[in-house]
Amino acid sequence: MNAVAGKALTSNHFELFGLEPVFALNADSLDSAYRDIQAKVHPDRFAHAGDAERRASLQWTTRVNEAYRTLKDPLQRARHLLELRGVDVAFETNTAMPADFLVQQMALRESLEEAVEAKDVASLDSLRKGLVEEKSKLEKQLGESIDAKNDYAGAAGLVRKLMFLDRLDSEIDLAYEALD
Amino acid sequence: MVLLQISEPGASPAPHEHRLAVGIDLGTTNSLVATVRSGAATVLPDAHGRPLLPSIVRFLPDGRAEVGYAAQARQADDPKNTIVSVKRYMGRGIKDVTHIENAPYDFIDAPGMLQVRTAAGVKSPVEVSAEILKVLRERAELSLQGGLSGAVVTVPAYFDDAQRQATKDAARLAGLNVLRLLNEPTAAAIAYGLENASEGVYAVYDLGGGTFDLSILKLARGVFEVVATSGDSMLGGDDFDQRVFCWSVEQAKLAPLSPRDMRLLLVKAREAKEFLTFHSEANITAKLSSGELVDVTLDTETFCRITQTLVHKTLGPVRKALRDAGLTVDGIKGVVMVGGATRMPQIQRAVGEFFRRDPLNNLDPDKVVALGAAMQANVLAGNRPQGEDWLLLDVIPLSLGIETMGGLVEKIIPRNTTIPAARGQEFTTFKDGQSAMSFHVVQGERELVSDCRSLARFELKGIPPMVAGAARVRVSFQVDADGLLSVAAKEATTGAEASVTVKPSYGIADADIERMLRDSFEHAREDVHARALAEQRVEARRLLEATRSALQADGHLLSVEERSVIESAAQSLEKLLESTDHRAIKRAADALNRATEQFAGRRMDEGIRRALAGRKIGSL
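Line by line, the protein sequences are chains E and Y.
Quick note, the first sequence lines up with residues 1 to 180 if you use my numbering.
Quick note, the second sequence lines up with residues 1001 to 1620 if you use my numbering.
Chain Y with its partners taken away, still in its complex shape (with noise of 0.2 angstroms):
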């Protein structure tokens, strides 16, 4: 790359370079990765062919993990090493996640989110989650024959800010540069509504294996537009695994089971509701540890009636969607189906039943979050020229307030709220000379406090002396376009400034992340200096790329003197590239970052300007 032949004007530019860009399927039961390879999108299978990776992780007692089928095939012998499900657990405390008492780990409950102690020391569930796509990273690069340029990943849409953060934790923990979160109905309708070339309002009623998400999308000339969106982040597939299983027991007779039987005894289930997809009755035979032989049959309408609250439970959420749309059944265009429990039979009649038509499945339910996201990653890493790719715009999923006295919720940004948003709310004082005050951020739509999520706590402090209520602390809320929150908090009467932002605490520090990655590379054997170096080149590139490309098309808006200012701080950092030092190249790398602030707001404007050409102001 050399900037110095582009900053010549009439220089043709260097030929844009298809950079290697994956969606990944975080899914409670199976991940997946996909790219978008000649112009689709296709699913990377492993070495054997296999297009899943079933999400379970096993850890060893000598350090190591084994991921997916190895650590599926030990999991009835192995089972308080063998994390299945971990999504359920990610940015959850202990009390938050519901039938705990089924899942046979040795939690911890630490403050944020649990932990499990396992055979290869305690981990969080991010660190589990990392494990999983660092194998389908792995896959990813040897299959691409290359270093990954960006992945978007995606998260149910009911996903709140403690979730979404520890999934991009993970992300970064696994080495993944993360594009973007990304919404998983949104990744189906991507994957659907260019496939089918509709137009309309669509819903994607989307049963994962841990979540539900229904979201409610109007589809127009290139612009996903997500209008509402529902769920509920505990439910899913392994719940009808639940209610066989607790029925198998029931029917048997059996005893309060050993961690390994309660394994063996819900992998069972789960094959029976497979077969009954297909079948009208199912074996459930096992042989339990004591030497106990379990054999029962369950029929379709016994399966239908011992899961009908289940199916009835999913129809809450999306009358609630409806309602915040603003629509009836009667304005949907047509209903996609994702997420391999959608191939239950009464959940494809239940909903057709609901919207009055056939609903949409024509697109594997399990592959269609991982082509959508793989889309998604080959436009936002910009392999398609404008004007043939498309925007999505994306809404946060639950409101988000501030802890006011009694315990009472004042919503700052309401759910449904297309995103990059921001808001704030002025709070004052309560007594005189008060010098510090503290805030609680929560997520949710309830009124008092204790039936919401908490995110955050944090102090400002040197507040001056003042009577009571005459103190103006502005408290601002920003959500980018992952969905992710971060609060900052000023006092500004006196123009003694005091500031503070906060991210939500259950995300994981910086510096644990650190922690984390050197852990790991220590254990890779992978040399964290070799490992920074190569990151922060990649970094720099980029960058250069990006300011190249940017004087290109908008030069013009700068002087010669601020143009000069900009092409010496590119300089410097191309010079540097080679150099093994990679704080200095971090350091450059800033410095041109801030060099280009103000051309870059200058832009943006000239983006509006050239959005709104041609348009006549009273024409309307």
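Only chain E is shown next, with the shape it has when bound in the complex (with noise of 0.2 angstroms):
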């Protein structure tokens, strides 16, 4: 692999679509660069190819849509942002989190738990309600933490907020499964 090792495969995720490394990502030049590039890397191009072509367009393909799948998800994003920039994160091992907010996330989870017992969908939608603008109130914070105001170390904690909340997002989804 590390033979064939092109300046796509070792670039990182900003630099293969083009794009400037920013939390306030357009979107709609994500998804353009995005299906430009598989326009011309992805297998099915290459069905009728030679076994190298083959195997290095399943190797880019990979890579282009991991760093599309990180650009995408605003939590994923961020962390490849602060990974850029140097700061050690530590996200698995440093847990410690605001009183207050674990407190809120205790009775969101005591909410949910309820409303699973009580088989009561409306309940989960009014969860996932609020847990929706409460991602994007998050995420707003941490562009502007990230992007203009360089504080990384105060982003790191919204990321960690983020993380807790995503957490929460695929329990409701788990929740709408046992009830289906």
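Don't read these hints as lab results, they were simulated from the structure.
Computed from a predicted structure; not experimentally measured.
Glycine included, C-beta positions come from ideal geometry on N, C-alpha and C.
Treat the hints with care, since some could be wrong.
[Unchecked claim] Cut-off 25 angstroms, straight-line C-alpha distance, at most; resulting in silico cross-link-like pairs (PhoX-like, lysine-lysine):
#1 Y:Lys1218 / E:Lys129
#2 Y:Lys1218 / E:Lys72
#3 E:Lys72 / Y:Lys1333
#4 E:Lys119 / Y:Lys1218
#5 Y:Lys1313 / Y:Lys1095
#6 E:Lys161 / Y:Lys1218
#7 E:Lys72 / E:Lys137
[Claimed, not checked] Pulled a few chain E residues facing chain Y out of the computed Cβ check, cut under 8 angstroms:
#8 Gly18
#9 Gln38
#10 Ala52
#11 Glu53
[To be verified] Over the 12 angstroms line for every Cβ pair with chain Y, so calculated as not near, a few chain E residues:
#12 Asp44
#13 Trp60
#14 Leu102
#15 Gln104
#16 Glu110
#17 Asp120
#18 Arg128
#19 Leu138
#20 Glu144
#21 Asp151
#22 Ala153
#23 Ala156
Take the two lone chains, each set in its own frame, and fit them into one complex as the hints suggest.
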């Protein structure tokens, strides 16, 4: 793999798509760059090519998909940006969170459990709605911390909060499935 | 094909030859083959003009197999040797199949995939499916008057890795070059999207004979993007037959039935179901082997009542896919109906009510998948000029993960990830001096290993002695464009590397495929060597042509020396084309592949550069 590693394989996610490394990314620019690149490297373009080209195509497309997935998701995008700026975020080990935030999270989880027990789809809907609003508020703050204030420590705290909300989000998904 | 000619600058390329490529819908109930002729996709009928091939295979004591209508005609007389709905058994063990007690076969619970004892010997579902595919291949070759360059074979979107691997193995066994495994709903969207030239978000509701799929697709500017997919690989039109069958047994107060009577009554149940699409009641009459006469009448209302739970069961996956896509029904521009079972009025009604709009059903639901597959095969074969083709971005339907302590699943690649995809995860040892680690690869959404499908187990040996927790074992998952997984593990702390690559255990080992191929050729009195030689020559020509066009398009990316290395490898291969030593051809082809590796990488970079040319950083 190293023998054939090209520029695209080693560049960071933003460079790969020719985008400026900012949190407030223009989603349309990302989408169109992604599609234009896929149109060139996707395995469907090489279904009749030789093994070497099919392997390269698989590798490059995998890389492009990974970069797109990362940049598309606000949480992953923020983590990638912080890594690029050399911030050691240690998200997995540093779990210290403000007490009021944790209390709020516990309350939300209790409501979720109650909604599941009562098979109450309306409560799930309202939990999801509140969560979506909370997430978009955090994302806005993240954008300001990273792009405007260069406050990376603050941004790392916001990313951790977002991770909590994402986990709650997937728990709500599971709750919906359980009620189906 | 003369490679030297094109390496001269300015020489015009050989006119592009049209490659014969087909799309195959390998269905639970019926299978079809289609191709694109003069720009239009068309289903290829058999010699009697019939487009469908019933997916039924009957094995005879002399080793031969009857496929399609001939087998169907005999299924009530010879139920034990006449395999229907084999798709339900692909990549499945006995315990995975619902209502297996109602199937009249002599099953053997082999590891990985069940098998059936027939008059022609023990057969795996892969071999049974290969018989169907062989008939379709021969039909296409006869009708198109030439060997096929490749085929796109469709699978339900909700098929897991084992089922996909089994399908690909069956196609290989039938002598097909598989260009791609394509998800059925995506194939249907290709057929619909292009004929109706629609942009927007669509739902594809695909209720086939044995499987249910719901996919959400985004169509925009020549890109088909699958946003989410869900379904039930054990729910289909057959289950409606089953309900009618059970209802009839109850109504007629029948004693347990013989396999023959069971098959007979199931056929009658299916006919009644189909009849009720256009009539308000259907008679089910049959004369059993005991001489007992069954004569019951099923009306629409009763039919709806006894199948209500099945209809309802399809709506769970619909809601799940919408949630995964982050959409509500208001965001859906249209609902495409696929699969013969969607003809049932109660299905049309339930879908219409759920999405609050009339479903799209203007294409024949039995043919739409094969037509879309043919269109995709035509693109993959390179028969459409660039700019007039389209791009398909598909996803994996089920999460892939690894077993961790306590029987829990660590998800490595979540469902609905766009493929191809790769993801890695680091694991470590939990005992001092531990020299091996075993891994269990699973697929599914549940947290417990026991609730997921087991795909493969493998062991990484040769880990150097270290204290617990010091080893760094990286497990990498790679899913290719067919949705097939390979897994590798590597220990990286001490530089002493060990790695292993596994293919899921539900697939069939290459050696088995070879053995089966040999068996089938012995039977057909074909020469294995001649076949291998023909295949290597086709492969070599394909490679030479690809190399030629790559050099022509991007030759400037190479230095003079680099180019001459590739050209001499190409010449060596070309000289061997007329040789009768298929192994020598293979070696030369491998050498050419190795010689073009770096070139291939540079071409990808160049492609990306060109795609982004004209965009300015910061102009956004």
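Hints, verified against the model:
1. Y:Lys1218 / E:Lys129: Holds: Lys1218 (chain Y) and Lys129 (chain E) sit about 24 angstroms apart, inside 25 angstroms.
2. Y:Lys1218 / E:Lys72: holds, 16 angstroms
3. E:Lys72 / Y:Lys1333: Distance ~23 angstroms between Lys72 (chain E) and Lys1333 (chain Y) Cα, so the pair holds.
4. E:Lys119 / Y:Lys1218: Status violated; Cα separation ~32 angstroms.
5. Y:Lys1313 / Y:Lys1095: holds, 21 angstroms
6. E:Lys161 / Y:Lys1218: Given that 25 angstroms is the threshold and the Cα spacing comes to 31 angstroms, the pair is violated.
7. E:Lys72 / E:Lys137: holds, 17 angstroms
8. Gly18: Since the shortest Cβ distance to chain Y is 4 angstroms, the answer is holds.
9. Gln38: holds, 6 angstroms
10. Ala52: With a closest approach of 4 angstroms, the Ala52 (chain E) hint holds.
11. Glu53: holds, 4 angstroms
12. Asp44: About 6 angstroms separates Asp44 (chain E) from the closest Cβ of chain Y, which leaves it inside 12 angstroms; violated.
13. Trp60: Contrary to the label, Trp60 (chain E) does not stay out of reach of chain Y, its closest Cβ about 4 angstroms off (not over 12 angstroms).
14. Leu102: holds, 24 angstroms
15. Gln104: holds, 24 angstroms
16. Glu110: holds, 21 angstroms
17. Asp120: Fine: 16 angstroms to the nearest Cβ keeps Asp120 (chain E) off the interface.
18. Arg128: Given that some Cβ of chain Y is not farther than 12 angstroms from that of Arg128 (chain E), nearest at about 9 angstroms, it is violated.
19. Leu138: holds, 17 angstroms
20. Glu144: holds, 18 angstroms
21. Asp151: Non-interface label stands for Asp151 (chain E): nearest chain Y Cβ at 22 angstroms, farther than 12 angstroms.
22. Ala153: holds, 26 angstroms
23. Ala156: holds, 22 angstroms
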